[in-house]
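Q: Spelled out from the first residue to the last, the chains are:
2 protein chains.
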Amino acid sequence: MARWEPDAESRFRAAAIELFAEVGYEQTTVAAIAERAGLTARTFFRHFADKREVLFNGSENLQRLMVDALAQAPAAAPALEAVAAALVKAGDFFDRDRRHYARQRHAVIEANAELRERELIKLATLSAALARALRQRGIAEPEASLAAETGIAVFRIAFAQWVGKSERRGYVEIVNDSLARLRALTAD
Amino acid sequence: MARWEPDAESRFRAAAIELFAEVGYEQTTVAAIAERAGLTARTFFRHFADKREVLFNGSENLQRLMVDALAQAPAAAPALEAVAAALVKAGDFFDRDRRHYARQRHAVIEANAELRERELIKLATLSAALARALRQRGIAEPEASLAAETGIAVFRIAFAQWVGKSERRGYVEIVNDSLARLRALTAD
Numbered sequence: 064m065a066r067w068e069p070d071a072e073s074r075f076r077a078a079a080i081e082l083f084a085e086v087g088y089e090q091t092t093v094a095a096i097a098e099r100a101g102l103t104a105r106t107f108f109r110h111f112a113d114k115r116e117v118l119f120n121g122s123e124n125l126q127r128l129m130v131d132a133l134a135q136a137p138a139a140a141p142a143l144e145a146v147a148a149a150l151v152k153a154g155d156f157f158d159r160d161r162r163h164y165a166r167q168r169h170a171v172i173e174a175n176a177e178l179r180e181r182e183l184i185k186l187a188t189l190s191a192a193l194a195r196a197l198r199q200r201g202i203a204e205p206e207a208s209l210a211a212e213t214g215i216a217v218f219r220i221a222f223a224q225w226v227g228k229s230e231r232r233g234y235v236e237i238v239n240d241s242l243a244r245l246r247a248l249t250a251d
Numbered sequence: 064m065a066r067w068e069p070d071a072e073s074r075f076r077a078a079a080i081e082l083f084a085e086v087g088y089e090q091t092t093v094a095a096i097a098e099r100a101g102l103t104a105r106t107f108f109r110h111f112a113d114k115r116e117v118l119f120n121g122s123e124n125l126q127r128l129m130v131d132a133l134a135q136a137p138a139a140a141p142a143l144e145a146v147a148a149a150l151v152k153a154g155d156f157f158d159r160d161r162r163h164y165a166r167q168r169h170a171v172i173e174a175n176a177e178l179r180e181r182e183l184i185k186l187a188t189l190s191a192a193l194a195r196a197l198r199q200r201g202i203a204e205p206e207a208s209l210a211a212e213t214g215i216a217v218f219r220i221a222f223a224q225w226v227g228k229s230e231r232r233g234y235v236e237i238v239n240d241s242l243a244r245l246r247a248l249t250a251d
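Top to bottom, those sequences are chains C and H.
Just remember that the working numbering sits 63 ahead of the position in the first sequence, which is counted from 1.
Just remember that the working numbering sits 63 ahead of the position in the second sequence, which is counted from 1.
Next comes chain C alone, as it looks inside the complex (with noise of 0.2 Å):
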C-alpha cells in the first residue's frame, strides 16, 4: 500500500510538529496526527513505533553519516581533526531546509524532560559510536573517549546556536568557529 503513500514519513513529521507546538507533546495523540497528515493511525505505525519516535528516527542516520566520515578521515589525522571531520559533515544533515524543523523540534524537546532526557541518551550513545570509530583508527584509550566526549561537547553547543532564533550563520560555519574556540579555551 506503501505506493499511495510515497512521502507518508515527512507528513507524518510535519503534521506532528505542528500539533507538538498547537497543544503540547503530552496531549498530541497519534490519531490527532494521523488526521491532520490526513492519513491512519495505521500507516503511522508502519512507519514510527511511537510518537516520540517522529522526533528521534533521524538520529541512526546522523550517526552512520558522522561514524563514516570519521572513518574516511586522512590516516594521519590526529583524533580531534577526525572528530571534526564528522561534525562538519553532520552539515550535510543540518541543512537550511531541516532548519525550520530543527527549531521546532528543539523548542518542543525542551519543553519536555522525557524528551530532553532521550535527546541525552541518543548524544551519549553517539559519542559511545565516535570513540569506537577512533579506536579503530588505532587511537587507544582514554584519548578516544575524550576527543569523542569533546567532539559532543562542540556539537551541542554548535546545534544550540544553530537552532537559536536570531542565528542566521549555517550550521558547518558554526561548528567550525567552535573548534576554534574550543582550541582558544585550551590554549589560554
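Hints are not guaranteed to be accurate.
No copy is singled out in the list; a pair is fine if it fits within one copy or between any two copies.
[Stated by the list, open to error] Taking lysine to any residue and the SDA-like style, the derived pairs with C-alpha atoms no more than 20 Å apart in a straight line are:
no., residue 1, residue 2
1, K152, A140
2, K185, N175
3, K152, R244
4, K152, G121
5, K152, N239
6, K152, E81
7, K185, A174
8, K228, E204
The hints are simulated quantities; they were obtained by calculation from the structure and are not laboratory data.
Being a predicted model, the structure only gives us computed values, none of them experimental.
Following the hints, put chain H in place on chain C, whose structure we already have.
A: Quick look at chain H alone, frame taken from chain C:
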C-alpha cells in the same frame, strides 16, 4: 528520633549497594534495604524519596562544591582553568574512602538503563551550573557553555578511569592527567 540513628543514611546506603549488587537494582525493595540496615522503612523515607535517591542524593553536594571552587578561582584565571579548579576540587568528594562505594555504585548504574539516564541528567545539570558560574565571572556565551561542557567531558572520562577495577591512581591525579591530554588533543 534521629538521635537513635546517628548514621542511618550511610547504613542505608551500604545496605542498598550490597543488595543492588547481590540481587539487582530492580529486585531490591526498600523493605529489604531497611531490614539489611537494621532500620525501618519509615526511617528510610525520612532520608530518601525512593531507592534510586540512595545512589543520587549526593550529587547536590558535589555540584555545590564544584560551583564554589569555580567561583573562587583567581579572577584572572581563564575559563578552562576555572573549570579545572572545579574538577580538581571534586577530589574532596571522590576520596580514598569513597572509592569502593563509587565502584559498586558505578557497576549498578551501568547495568540499568533508567539509572544511566539519571546519571546523564545529573551531569547535564552540573554542566549547566558550571556554565552559569562562568557567566557570573564575566565569561560570555558560547565560551561559558563550551568550557563547561568540555570540563564535563574531562570529568566523565576521569571518573570512569577512577572507578576502573585496575586503576590505582587517585582521582585528582587522573583528572589532571585528563586535562593535560585534552590540551594535547586540541593542540595537535
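Q: With reference to the structure, classify each hint as holding or not holding.
A: Hint by hint, here is what the structure shows:
In this assembly of identical chains, the alpha carbons of K152 and A140 lie at most 20 Å apart only when taken from the same copy (15 Å versus 34 Å across copies). With identical chains, the CA atoms of K185 and N175 are at most 20 Å apart both within one copy (16 Å) and between copies (16 Å). Taking CA atoms no more than 20 Å apart as the test, K152 paired with R244 passes inside one copy only; the shortest distance there is 19 Å, against 25 Å between copies. Only within a single protomer do K152 and G121 lie at most 20 Å apart by alpha-carbon distance; the minimum there is 15 Å, versus 40 Å between protomers.
With identical chains, the CA atoms of K152 and N239 are at most 20 Å apart within one copy only, with a shortest distance of 11 Å there and 32 Å across copies. Taking the shortest Cα distances, K152 and E81 never come within 20 Å of each other, neither inside one copy (28 Å) nor across copies (46 Å). For a Cα distance limit of 20 Å, the shortest separation of K185 from A174 qualifies both inside one copy, at 17 Å, and across copies, at 18 Å. Taking identical chains as interchangeable, the C-alpha atoms of K228 and E204 lie at most 20 Å apart only when they sit on different chains, with a minimum of 15 Å there against 39 Å within one chain.
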